[in-house]
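**Q** From first to last, the protein sequence lines are chains U and Z. Each residue of the first sequence is one higher than the one before, counting from 1 in this note's numbering. Each residue of the second sequence is one higher than the one before, counting from 1 in this note's numbering.
Honestly, the hints are just simulated from the structure, not real lab data. Mixed in with the good hints there might be a few duds.
Subject to a maximum C-alpha distance of 30 angstroms in a straight line, what follows is the list of computed DSSO-like cross-link-like pairs (lysine-lysine) [to be verified]:
#: 1; chain 1: U; residue 1: Lys-303; chain 2: U; residue 2: Lys-34
#: 2; chain 1: Z; residue 1: Lys-314; chain 2: Z; residue 2: Lys-231
#: 3; chain 1: Z; residue 1: Lys-167; chain 2: Z; residue 2: Lys-291
#: 4; chain 1: Z; residue 1: Lys-291; chain 2: U; residue 2: Lys-34
#: 5; chain 1: Z; residue 1: Lys-167; chain 2: Z; residue 2: Lys-314
#: 6; chain 1: U; residue 1: Lys-303; chain 2: Z; residue 2: Lys-167
Short, incomplete list of chain U residues facing chain Z, as computed with Cβ under 7 angstroms [as the list claims (entries may be wrong)]:
#: 7; residue: Val-38
#: 8; residue: Ile-45
#: 9; residue: Ser-162
#: 10; residue: Asn-245
#: 11; residue: Leu-290
#: 12; residue: Leu-291
#: 13; residue: Ser-296
For every residue, glycine included, the Cβ atom is placed at its ideal position computed from N, Cα and C.
Listed here are the chains, written in short residue letters.
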Amino acid sequence: MTAARKLLRRIAPQLITLVAVILLVSLYYPDFYKVVLVNDRLVGIPIDVLKRCAPVALLAIGMTLVIATRGIDLSVGTVMAICGAAAAWSIDQGYGLWGALAIAGAAGLVCGVWNGILVAVLGIQPIVATLILMVAGRGIAQLITNGTILTFDSDAFSYLGSGTLIGVPVPTVIWILTGIAVGLLVRRTALGLLIEAIGVNLRASTLAGINSKVLLIAVYVASGLCAAMAGIIATADIRGADANNAGLWLELDAILAVVIGGNSPLGGRFSIVASLLGALIIQTINTGILLAGFPSEFNLVIKAVLVIVILVLQSPRLMLLQDPVHLPFLRKRAAPTPPAEVRK
Amino acid sequence: MMKRTLMASVGALSLCAAAASAQTTVGFSQIGSESGWRAAETTVTMQEAETRGITLQFSDAQQRQENQIAALRSFIAQGVDAILVSPVVATGWDSVLEEAAEAEIPVVLLDRMVDSSPDLYLTAVGSDLVHEGRVAGEWLVEAVAGEPCRVVELQGTTGSSPAIDRKAGFEEGIAGADNIEIVRSQTGDFTRAQGKTVMEAFLQAENGGADICALYAHNDDMAVGAIQAIKEAGLVPGEDILVVSIDAVPDIFQALAAGEANATVELTPNMAGPAFDALAAYFADGTMPEKFIQTESRLFTQADDPQGEYDRHKDLGY
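My request is simple: use the sequences and hints to build the entire structure.
**A** This is the structure:
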């Protein structure tokens, strides 16, 4: 099997789910697919979904790597708020676009290193280690913004949130490029394999000569940097840093995206493409709920029902989506058939 | 925020030191600094006290009821002349209010209510959330002057009392006008980001925004986010789509000045002014105020000097 077919087989359940969710939404909103060009920017529901999923997609990239090492990063939503606040503060202080990007990136880096050291060097459970920053970080962000929504006026910076590149929203470009870059980095080198090895058995990997401490810290740093990008986009989008609400609960959506992507929370094999599809599925549901016109009291219930259905269909015991052609009751009969080569 | 609290306590201390025995001393237990509006309320309360020559003892409860109860007990022990309190929750105030009543110290509730017996406090000052929504609705009825108008609504956090009451009030306000119809209503969680996201979806769903005549947002922050979404969709907020919201925070005055918003209903941070007036009357000749003093829900439009209002509001700590 070629690499492309292997990948297609891996992400088939997510693709099928995405198509199913889109079909479901278009039942309520038939114009779903319509995309037009207005003022040199593409406008339409699919474009909205691709743009609005940017923060969760970026967080999911970092989260996939962390979860592959059998860890979890609960702090990403808060890191978004910190980095967004740092960026808005830098613009406010007159450091300009590049200064703001550098300072926000540095903030994400520091947060990642902090989490990484707690997990890799001090050996604290990842869920506890990152919980610290999740809780304390929002206070840090509020200190930066002085408790208010810190607004700024910089067209260059807001371009990152609401601008377009050849008609495509900039946030979309950012998350797709980041996904490709990280995907190539981990799959074209041995890095992905080493990360998976740590997740399967940390001790064995260390004994086999993998520098697991450095690699673990690097994974949390990657997550912090992804969160920094998400925070920059969220801040640029509303031209202001809202320390109380930026990235609030998004860590949970990111984890959900990774899980819908079929990645095991117990670490090991991972697929970034599948996580990104997970983020797209979540955003399609979110946007679909807004379009369907139900009273807002139903929003969370609808989302919960859809997520439960998706996860049940993907569960190991059912495996309906993993192998849609061979349903479980058929597999029993099919299994004893020897492969063609053996029969000859 | 810390700086402000520090300044506040220094201010309170110096006022304390300057206080002569004849001066009125009032204790004020604030919830904490949960929002920009709350910070502005603290600032305005201090200003109001200063202009009236009242010594204000300020205590920040940091969102905890036990801190507030402790602060009230310490005010009672000091023998202040009156107590202002913005209660963080509605329940559990009976015993400390009874202590204040025994010490014959009048208590005035600011902005929020308690579920204790009304005999235990002098009066409560607050806004009527339903009324705010009604003022916004009535403005829209007048503004569209009989033309058919399809309205989209950005609700506050689902289930919160401002969201429920401001929705109900607006519906009352437009009840008589058959030309106005709320076509879409979704929660924007009181935040800018969600306001923008939901407005984008509304614009998509309503023919690129061409079918929307007005936006009603339950707070200004959501309106500010939605205004950006309208601009990005190639429409002119304030003209193509009328924008009316509630709160009157500084940023909406900027939008009003730029012609991008049309009206906002003020949730005044000056709850202390009416409270001090009621106390002054009570001390002077024992006049008992009404049990609920409703603050004015003032409507601001583009004609009400928005730039000047921005300058007046921006330093209040929003």
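**Q** The structure should be examined with respect to each hint, and the outcome stated for every one.
**A** Hint by hint, here is what the structure shows:
| no. | hint | in the structure |
| --- | --- | --- |
| 1 | U:Lys-303 - U:Lys-34 | holds (24 angstroms) |
| 2 | Z:Lys-314 - Z:Lys-231 | holds (24 angstroms) |
| 3 | Z:Lys-167 - Z:Lys-291 | holds (26 angstroms) |
| 4 | Z:Lys-291 - U:Lys-34 | violated (57 angstroms) |
| 5 | Z:Lys-167 - Z:Lys-314 | holds (28 angstroms) |
| 6 | U:Lys-303 - Z:Lys-167 | holds (24 angstroms) |
| 7 | Val-38 | holds (5 angstroms) |
| 8 | Ile-45 | holds (6 angstroms) |
| 9 | Ser-162 | holds (6 angstroms) |
| 10 | Asn-245 | holds (4 angstroms) |
| 11 | Leu-290 | holds (4 angstroms) |
| 12 | Leu-291 | holds (5 angstroms) |
| 13 | Ser-296 | holds (4 angstroms) |
Of the numbered hints listed earlier, the single one contradicted by the structure is hint 4.
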